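Sequence positions in the sequence shown follow this note's numbering and run 12 to 400.
Don't read these hints as lab results, they were simulated from the structure.
Here the structure is a predicted model, which means the values were calculated and not measured.
Careful, some of the hints might be misleading.
For lysine to any residue, the following SDA-like pairs were computed, each having C-alpha atoms within a straight-line distance of at most 25 Å [unchecked claim]:
| hint | residue 1 | residue 2 |
| --- | --- | --- |
| 1 | 291 | 387 |
| 2 | 291 | 216 |
| 3 | 215 | 181 |
| 4 | 291 | 160 |
| 5 | 215 | 276 |
| 6 | 312 | 393 |
| 7 | 215 | 244 |
| 8 | 215 | 103 |
| 9 | 215 | 231 |
| 10 | 103 | 38 |
| 11 | 291 | 246 |
| 12 | 291 | 199 |
| 13 | 103 | 143 |
| 14 | 291 | 360 |
| 15 | 291 | 230 |
| 16 | 312 | 363 |
| 17 | 312 | 267 |
| 18 | 215 | 285 |
| 19 | 215 | 324 |
| 20 | 215 | 230 |
| 21 | 291 | 205 |
| 22 | 215 | 393 |
| 23 | 215 | 358 |
| 24 | 312 | 210 |
DEER-style ranges, computed between Cβ atoms [as the list claims (entries may be wrong)]:
| hint | residue 1 | residue 2 | range |
| --- | --- | --- | --- |
| 25 | 79 | 15 | 15 to 25 Å |
| 26 | 70 | 100 | 33 to 43 Å |
| 27 | 44 | 267 | 14 to 24 Å |
C-beta atoms are modelled at their ideal positions from N, C-alpha and C, and glycine is treated no differently.
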Amino acid sequence: MANDRPLRVMTVFGTRPDTIKMAPVVHALAAHGRVEGVVCVTAQHRQMLDDLLALFAIEPQYDLNVMTEDQTLTEVTTRVLEGMENALDAAKPDVVLVHGDTTTSTAAALAAFYRHVPVGHVEAGLRTSDRWMPFPEEMNRRLTGTIASYHFAPTTLARDHLLQEHVDARDVVITGNTVIDAFLQTAARSDLPPPPRWNELDPKRPIIAVTAHRRENHPHMRQMCEAMRDIAACPMRPQIYWPVHPSPRVRPVANEVLAGVDGVVLVDPVDYAEMVAAIKGCTFVLTDSGGLQEEAPCLAKPVLVMRDETERPEGLESGTLELVGHHRERIVASAQRLLIDRQAYDGMARAANPYGDGHASQRIVAWLLARLRDGTYPAPFAVGAGTFE
């Protein structure tokens, strides 16, 4: 019988964020005796992908190697579509798993659809109210969700978004987010390297880990940097640790405003393991990133989000996140409150993380086996519900 053979599952990823979030899925698939995992990478981000493949000990069977210098979204989409044709024909998967909001995910999902291969969307259902923000990620999410047959929603709200868009409830399961799996597994490693120049920081003073690079914040980068300079001058003598994005709209401004400021350490972009170590060692996080909004609360680190809107409102509701926008005064005031008000700090640090419990990948594998073979459906993730069964 066809159902007696292992379920052949192809995972497709190619950027730093989706590689991190799919790595625990790859390992969960490989650990299950009834699954045959196949890894296809697009290399949309070549160097960052290779570093993470080494960190997570993943050897892809297919490498599309699509990245070129100054590549456009159209070029990436075209090369992924063309490369996936050959990979799908050779691998003949029963299902293709893609992640989140990358151009790789949308193009790979479309290629699988053209081959009549069902698509599972990991981190499905995240939405903002504006299709242009973040760009192009928000539209990638929506398009991939339309193509997908199976939807692995990280939270109840993400599931509700899908149901409002008329996705069949039988095709949706709440898993928690695989980024929590990856983050907790990495944070627990004994070989976690120290971040560059971390030894220049005084562990007796507060440390604020910063990331800022989003396109919509480029026009506001100067006042965001000025806010960090103001924070560093506070009486509590906090320190800023910022791996600065190489974008010409970010790095020159950061260097002009912050280079040489006491307590500010600007470094080149760090790898994933080093960033996890920085989050472990910091007091709180100031970011416009998406992933850190979910990751940092795993280690009881409050997160101030330098955006006016987030596709992760569950963190706002639970109290792990606070939106502070890009305005200098608001950023400074919120940071000062966390530095001065212990009750405010503890309220964010101790809030339950609504994004997962470290077992999302196991739920995804169990659900696929239940749906496509004869396994048992897993209980969905629920905040505070205990460990995966």
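Hints and how they fare:
no. : hint                    : in the structure
1   : 291 with 387            : violated, 36 Å
2   : 291 with 216            : holds, 15 Å
3   : 215 with 181            : violated, 52 Å
4   : 291 with 160            : violated, 37 Å
5   : 215 with 276            : holds, 16 Å
6   : 312 with 393            : holds, 21 Å
7   : 215 with 244            : holds, 16 Å
8   : 215 with 103            : violated, 56 Å
9   : 215 with 231            : violated, 32 Å
10  : 103 with 38             : holds, 20 Å
11  : 291 with 246            : holds, 24 Å
12  : 291 with 199            : holds, 10 Å
13  : 103 with 143            : violated, 35 Å
14  : 291 with 360            : holds, 13 Å
15  : 291 with 230            : violated, 31 Å
16  : 312 with 363            : holds, 11 Å
17  : 312 with 267            : violated, 29 Å
18  : 215 with 285            : holds, 20 Å
19  : 215 with 324            : violated, 33 Å
20  : 215 with 230            : violated, 35 Å
21  : 291 with 205            : holds, 10 Å
22  : 215 with 393            : violated, 37 Å
23  : 215 with 358            : holds, 22 Å
24  : 312 with 210            : holds, 20 Å
25  : 79 with 15: 15 to 25 Å  : violated, 44 Å
26  : 70 with 100: 33 to 43 Å : violated, 21 Å
27  : 44 with 267: 14 to 24 Å : violated, 57 Å
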